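**Student:** Whenever a hint applies, use it, and build me the whole structure from the sequences.
Each protein sequence line maps, in turn, to chains A and B.
Count the first sequence with the numbering used here and you get residues 73 to 184, in order.
Count the second sequence with the numbering used here and you get residues 258 to 371, in order.
The set of hints was computed from the structure by calculation and includes no laboratory data.
Only a predicted model underlies this, so the values are computations on that prediction, with no experimental measurement involved.
One side only, chain A facing chain B, incomplete, derived with CB under 10 angstroms: (1) Tyr108; (2) Gln110; (3) Glu114; (4) Leu118; (5) Ser165; (6) Gly177.
Dumping the calculated BS3-like pairs for lysine-lysine here, alpha-carbon to alpha-carbon at most 25 angstroms: (7) A:Lys124 / B:Lys301; (8) B:Lys319 / A:Lys176; (9) A:Lys176 / B:Lys301.
Here are the in silico distance ranges between beta carbons for each label pair: (10) A:Glu148 / B:Val269: 37 to 47 angstroms; (11) A:Tyr111 / B:Ile333: 21 to 31 angstroms; (12) A:Ser130 / B:Met262: 23 to 33 angstroms; (13) B:Val371 / A:Asp126: 49 to 59 angstroms; (14) B:Leu295 / A:Lys140: 26 to 36 angstroms; (15) B:Ile333 / A:Phe90: 39 to 49 angstroms; (16) B:Leu295 / A:Phe90: 28 to 38 angstroms.
Beta carbons are placed, not taken as given, at the ideal position from N, Cα and C, and that holds for glycine.
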Amino acid sequence: GNSVTQMEGPVTLSEEAFLTINCTYTATGYPSLFWYVQYPGEGLQLLLKATKADDKGSNKGFEATYRKETTSFHLEKGSVQVSDSAVYFCALSGGGADGLTFGKGTHLIIQP
Amino acid sequence: NAGVMQNPRHLVRRRGQEARLRCSPMKGHSHVYWYRQLPEEGLKFMVYLQKENIIDESGMPKERFSAEFPKEGPSILRIQQVVRGDSAAYFCASSRGTLDTEAFFGQGTRLTVV
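**Tutor:** This is the structure in structure tokens:
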């Protein structure tokens, strides 16, 4: 079956640091890949997505590239802000009826 | 255009009671998904519904849990005879089509069983 593995948290960085949150997946076929962000007390919001190999999703300074050869979709940002503190979830959709498969989430803490 | 609306936001139930969680999808969305988030865990798929039909309930516990999405009104996730292990955040998502299209999540219902 499908699975998503992402780096354990919490990840603590200083403001303006470079961010990488690793995500690898296992899936049959050609899944779509997503990053969602969850701010405290809120639901999940779609941050970015990629639907085919070598696609790059980007939003709010975050980027992730769909790497089929390494089955990865690492999230990066060049300069983080305190307001980026949240939990980040990597997810995939096989396009079937069983919804999204999520990783366990990575708690990101940005210190001023 | 209102987003996905879930209510209540917080629900406290005693062991053995019933919990009803409601989800109104975004306007124009006919696909609804329910997920459960346990503390320190990711989201786990529970059930996928379209209007009046359960498409996939492979993530639902076999007993005490049920879901519906009637022709009129919100989708309901019902948990009978709740136990402490049911304490979690329950999220609903809706989309126009399958989840290759963007899914929008509600703010969740946090169920606490005491």
